[in-house]
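Since the structure of chain A is already known, use the hints to place chain B on it.
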Amino acid sequence: MNTISTGEIRMSGITCRFGDVVAVDDVSLDVAPGEFISLLGPSGSGKTTTLMIIAGFQQPDSGDVLLDGQSIISLPSYQRGFGMVFQNYALFPHMTVGDNVRFPLRMRGVSSPESRDAVGQALEMVQLSGYLDRYPHQLSGGQQQRVALARALVFRPSVLLMDEPLGALDKKLREEMQLEIKRIQKELNITTISVTHDQAETLVMSDKVAVMRDGRIEQIDTPLDLYERPASRFVADFIGESNILAINPDDQGRFRTEDGIHLPGTENLAASSSGWVVVRPEKIHLNAEATGQPSIPAVVEEVIYGGDVDRYRVRLGKSSTIIAKQQRHAGNAPLQPGASVHVHWSDHDCAFLRQ
Amino acid sequence: MAFPSFHRMTRAVSVVVIAVIALFMVAPVFFVVPVSFSSSSLIIFPPAGYSLRWYEAYFTVPEWTRATVASLMIASLTTVVALLLGVPAALALVRGNLRGKAVLAGLFLLPLVAPVILIAIAEFGLLSRLGLIGTIPGLVIAHTTVAMPFVVVVISATLRRMDANHELAAMSLGANPLAAFYHVTLPLLRPGIIIASLLAFIASFNEFLITLFVIGASEATLPIQLWKGVRFETNPTIAAASTIFLTVSSLTLLGVEAMKWRQRRMTGSSGDLLSG
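Protein chains in written order, with this note's numbering: chain A, 1479 to 1833; chain B, 7 to 282.
Bound-form chain A, shown alone (with noise of 0.2 Å):
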């Protein structure tokens, strides 16, 4: 395998089927090198076949997988040279934590002064130096997620995959996960590719989010623009919360709701098409008095305790309900249910998105 290889992956027109399942639809997809890229969806959604096609584990139906430019659709898995992290990690049980990550190497004809030197780099890489001589089930599922990550690392591919990696860990390791793998990933510069349905994780992880629905390609932007402007009521949806309202322009060209509420941050919308506005629930504002902008008189519904932060289910009109999110700041006091509010929002805020 080419060992001065930059890691660009440039996915075209990939489609496979199964049967009669289109898993995956004319997806097409660029990663930059050393760019850190998620697939997310619900399962089902393309995903991991995707993934597989790019191991090599799962030949298309049509459609192409560069490297550099260069076609490896023809390749085979082992001579990608591409490492993957599974899901459950699949490490080896009959050998021990230096046999598992000394593999690549011997698959490789590595020297053993070499690879013994590579395996130590890789374990210290994920903190993991002294367990050379264990074995895999006498680790705990964190420290088995560490060896899945040195044993795909230690042989320096360009490319790096990872399919759910930290779908089997509890919340707290997860979390810590997330920020030693995005560690090492920027430490090494490797391209990453990374199947996920944790909405959570990419947003921490990533530099560019692909969400997948039906075997399409959604939308793929920056964590943030996903957030800020998701580009379908789906991504608006699966991405964060979110207060998703349908609206229809009236007769002066006004946008207003089902139940005849204009909503604030639509005035200067150019749009004449009904669609939705979509504002996330922590950019909402409730005032108790008028302060003078374009707000909404609602009625606090309901109020969801949650530590650092409360929720308002705040009622609108005679249908409609948004939950709002406020910080507990010292000095404010919560708004009781029952209480009248003044909802606003500011246009940059929201986001519209046509029908």
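Don't take each hint at face value.
Listed next, with one range per pair, are the computed distances between beta-carbon atoms [as the list claims (entries may be wrong)]:
no.: 1; chain 1: A; residue 1: 1612; chain 2: B; residue 2: 188; range: 42 to 50 Å
no.: 2; chain 1: A; residue 1: 1544; chain 2: B; residue 2: 183; range: 21 to 29 Å
no.: 3; chain 1: A; residue 1: 1590; chain 2: B; residue 2: 183; range: 21 to 29 Å
no.: 4; chain 1: A; residue 1: 1817; chain 2: B; residue 2: 170; range: 37 to 45 Å
Calculated directly from the structure, the hints in this document are not laboratory data.
C-beta atoms are modelled at their ideal positions from N, C-alpha and C, and glycine is treated no differently.
Below, chain B alone, put in the same frame as chain A:
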């Protein structure tokens, strides 16, 4: 419990029932053990005196030693052939991407459920046409028919319990399919292969009816020699032979259990290889 005395009673009853069943099933078998140590040349139970003369006879009379050697050799060869055919068959059935897997799996297991007499007649027909009646290759072929299903069952179960990602992981790390099989699949299959070999060995070592049909005029195997012994010369040599026979079979089964126990301890799983 609300009725501790009732609970204790049912428990006591079931222990007794199990003991009685075990006694009825096993006792006749172990009846031969004391008889084999008898000093008398008649089969009397309990023996009037004890000696090792029948073991001496067993180890010195050429018919018995030759039959034992023949049985050991045929069982070993059968084990090797059954593994060479059964392991790839199980791999194809579990990992392969082929049509009609269920039908194929059923066919492989057919010798376990088909009446042995039918297999014996069929083997006789086939081997006589091939001119292999009474030859070692003929006996090995016939025994493989009944030994291979054990290999297919055990190896399939082992493969099904094994994470297929191990093989993918090996390949993603640079192992070609052959290297992945050799370094990863095969070592993980090893406990299964040992259990399968023991079962295949015992299937051949114990096999009587089919052997009777295809053995022709050649040297007897141990079960055949026992049968002849019972028919033609009733003295405690057959008890000594039976005891040795019983010991080999029991040790083999004990080996299977030990392997299963080791496997469970290694993987921490409680699944049973044979029922998996």
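Results for each hint:
Checked against the hint of 42 to 50 Å, the pair residue 1612 of chain A and residue 188 of chain B fails, with Cβ atoms roughly 24 Å apart. The hint said 21 to 29 Å for the Cβ distance between residue 1544 of chain A and residue 183 of chain B, and at roughly 25 Å that hint holds. Judged by the Cβ atoms, the range 21 to 29 Å given for residue 1590 of chain A and residue 183 of chain B holds: they are separated by roughly 25 Å. For the pair residue 1817 of chain A and residue 170 of chain B, the beta carbons lie near 58 Å from each other, so the given range of 37 to 45 Å is not met.
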